[in-house]
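Enquirer: Read off the chains here:
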Amino acid sequence: MERPLTQYIKPGSLAFNLDDYKKTGGYEGLRKALKNMTPGEVTGNVKASNLLGRGGAGFPTGVKWSLIPMDGDKSKPKYLVCNADEMEPGTFKDRYLLEGNPHQLIEGMIIAAYAIQAEKAYIFLRWAYKKADAILRKAIDEAYKAGYLGKNILGSGFDLDLYIHSSAGRYICGEETALLNSLEGKRAVPRTKPPFPAISGLFGRPTVVNNVETLSWISHIVENGADWFKGLSLTGTGGTKLFGISGKVKNPGTWELPLGITVRELLEEHAGGMASGHKFRGALPGGASTDFLIEEHLDVKMDFSTVAAAGSRLGTGTMIILDDKTCPVAFVHNVEKFFALESCGWCTPCREGLPWVEKMLSSIEAGTGKMEYLNLLSFNAKYFGPGNTFCAHAPGAAEPLQSGLKYFYDDFVRHIAEKKCPWR
Amino acid sequence: MLTEEEIKEIRNEINQYPYPAVACIDALKIVQQHRGWVSDESIKDIALLLNVSNEEIDGVATFYSRIYRKPVGRNVILLCDSVSCMIMGYESLYGYISGKLGISFGETTSDGRFTLLPISCLGDCDNAPAMMINNDHFNRLTIEKIDELLAIYK
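Protein sequences appear in the order of chains A and B.
Counting in our numbering, the first sequence runs from 1 upward without gaps.
Counting in our numbering, the second sequence runs from 1 upward without gaps.
Hints are computed from structural coordinates only; laboratory data are not their basis.
The model shown is predicted, which means the values in this text are computed figures rather than measured ones.
Any given hint might turn out to be false.
To be verified - With a straight-line cut-off of 25 Å between C-alpha atoms, the simulated SDA-like cross-links for lysine to any residue are: (1) K131(A) to R140(B); (2) K186(A) to M1(B); (3) K145(A) to G100(A); (4) K130(A) to V76(B); (5) K130(A) to L117(B); (6) K250(A) to T142(B); (7) K130(A) to Q32(B); (8) K145(A) to Y17(B); (9) K359(A) to S98(B); (10) K193(A) to P18(B); (11) K8(B) to R137(A); (12) K131(A) to D136(B); (13) K151(A) to E13(B); (14) K47(A) to S233(A); (15) K145(B) to K420(A); (16) K130(A) to N135(B); (17) K250(A) to R281(A); (18) K420(A) to R281(A); (19) K248(A) to S92(B); (20) K250(A) to K145(B); (21) K186(A) to S39(B); (22) K138(A) to I14(B); (23) K186(A) to N51(B); (24) K248(A) to T142(B); (25) K100(B) to G36(B); (26) K186(A) to E56(B); (27) K279(A) to R140(B); (28) K131(A) to N127(B); (29) K186(A) to V52(B); (30) K151(A) to M1(B); (31) K250(A) to K100(B); (32) K130(A) to Y64(B); (33) K76(A) to N15(B); (34) K186(A) to K8(B); (35) K130(A) to D136(B); (36) K130(A) to K145(B); (37) K419(A) to A47(B); (38) K248(A) to G95(B); (39) K130(A) to Q16(B).
With the sequences and hints as input, model every part of the structure.
Expert: As structure tokens, this is what we get:
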């Protein structure tokens, strides 16, 4: 089984330096792109691969790039931004790539910048990722010295400067337009779309924002082609994915596996099954902002469309397991409290609704909840939905709430009827 | 008053950007790096340097969770309270730290040694529970490990 993104990452050992990376064929994809391909050909290649964004939304990467105006000097400057603000609860995959193989990301970014003809690139890095910060700075320094960054890269005439912006906290910075406001030194409040960042992004200029895992693919796709990429997945989507499992399982961790493996395979074969004395009750398949899957979904294939058909989202592909010793109300309360705290406060359903939901869940968990809260929770979940809010924050918060109420309704009722949490 | 060193570092950041106000978050972080937190006076000083209003700077400062607008202790404990760490028992660790230091989330010990704050998911869920002390990351926490760690930070 091929593991292109992680084959050289050995947890616990040092990150790949430039020499290591070059020995494994590193920067050959960049060489090929700059010497033999036009920017349009690179974009066409990525489009043909059907690489879907790995940050959670699954938007086709090549399509995103093709929205960038390519009319020479008139569209300068342009920007490429790597979203490395990993903060979705239960998600720990970008950290793995950043700490393990920084040059893979940097090479992908240089090729991506060439494809859209950007002359400046930023890595928007989560504040807490101190180790990744140091590793990236060293790798960027190596790349400049070797002539992969800076002026006239590999004699091609293409110039690129790459900067790291270390954030100052807040989950909303992961929303791409909020991220752009944050890069501009402002409050990280999402922007109205349209105009989309491809037309008016950073400093009002054409900008592409891509996730770490997405950009880490680019050199592999340029080198090996779109058909190779498509052949990596078990379903039609294309590629492998970093999956992860946390919670009460025998062997929590992150693994690169073909898109389309089942929830059961991930749980049983890779995570080693449930920890002894614990039973599976459900899982958020792709981070906190995805709907619960339960036992009947164990054979669902983990790819974008199949998980969506089962009523949830692949999201970040990192799964949080709910076991029978953990209270589902406490679980949902924890997640909603996170969303309430992290709301940027810009639009009403999110700013007012999320704290309301959090308070009701808190009192249900404490044994002082009322039956009427259950309808109010559903009411709020509905109004958090797409189209009612400015960005995807509240719709994300609605997912674990609505599915938690659906699958664990009896547990909510028990808390209210017994006036206590049965798990405490 | 900002020190010469602080002004020099902030100007370095300004030079990277199309206009000075973009350096707002960098400037707040620089001041906090030197002083531990950002006072009302520092807000005014940064506003003057970046040529924007005090309110604008304060609006940014109070938005971001890692900019402190109140003094913090010499060491800041950031205990992850997100869902994977909850499943893996952060609440009992919180109870232990809180009891041992005599402070709740948001408080500082009377000797100024520790401030205890919650933090959202640290991206280390397969090694939960996790926390940071200052810039250092720790995982697979137990009560014994917490005792060892707290002894290191003076």
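Enquirer: Now, for every hint given, state plainly whether the structure supports it.
Expert: Each hint tested on the structure:
1. K131(A) to R140(B): 17 Å, holds
2. K186(A) to M1(B): The given pair, whose Cα atoms are some 23 Å apart, holds under the 25 Å limit.
3. K145(A) to G100(A): Status holds; Cα separation ~21 Å.
4. K130(A) to V76(B): Holds, because 15 Å separates the two Cα atoms, which is no more than 25 Å.
5. K130(A) to L117(B): 18 Å, holds
6. K250(A) to T142(B): 18 Å, holds
7. K130(A) to Q32(B): Within the cut-off at roughly 17 Å; holds.
8. K145(A) to Y17(B): 23 Å, holds
9. K359(A) to S98(B): Measuring from Cα to Cα gives roughly 23 Å; hence the hint holds.
10. K193(A) to P18(B): OK: K193(A) and P18(B) at ~24 Å, within 25 Å.
11. K8(B) to R137(A): 21 Å, holds
12. K131(A) to D136(B): 9 Å, holds
13. K151(A) to E13(B): 21 Å, holds
14. K47(A) to S233(A): The given pair, whose Cα atoms are some 16 Å apart, holds under the 25 Å limit.
15. K145(B) to K420(A): Violated: K145(B) and K420(A) sit about 33 Å apart, past 25 Å.
16. K130(A) to N135(B): Distance ~7 Å between K130(A) and N135(B) Cα, so the pair holds.
17. K250(A) to R281(A): With Cα atoms ~15 Å apart, K250(A) and R281(A) stay inside 25 Å; holds.
18. K420(A) to R281(A): 21 Å, holds
19. K248(A) to S92(B): Holds - the C-alpha atoms of S92(B) and K248(A) are around 16 Å apart, at most 25 Å.
20. K250(A) to K145(B): 21 Å, holds
21. K186(A) to S39(B): 19 Å, holds
22. K138(A) to I14(B): 23 Å, holds
23. K186(A) to N51(B): Holds - the C-alpha atoms of N51(B) and K186(A) are around 14 Å apart, at most 25 Å.
24. K248(A) to T142(B): 16 Å, holds
25. K100(B) to G36(B): 24 Å, holds
26. K186(A) to E56(B): 9 Å, holds
27. K279(A) to R140(B): Cα-Cα ~22 Å, so holds.
28. K131(A) to N127(B): 16 Å, holds
29. K186(A) to V52(B): The given pair, whose Cα atoms are some 12 Å apart, holds under the 25 Å limit.
30. K151(A) to M1(B): 40 Å, violated
31. K250(A) to K100(B): 31 Å, violated
32. K130(A) to Y64(B): Holds, at about 17 Å.
33. K76(A) to N15(B): 19 Å, holds
34. K186(A) to K8(B): 22 Å, holds
35. K130(A) to D136(B): Cα-Cα ~8 Å, so holds.
36. K130(A) to K145(B): 21 Å, holds
37. K419(A) to A47(B): 52 Å, violated
38. K248(A) to G95(B): 21 Å, holds
39. K130(A) to Q16(B): 22 Å, holds
The structure does not agree with the numbered hints 15, 30, 31, 37 stated previously, though it agrees with the rest.
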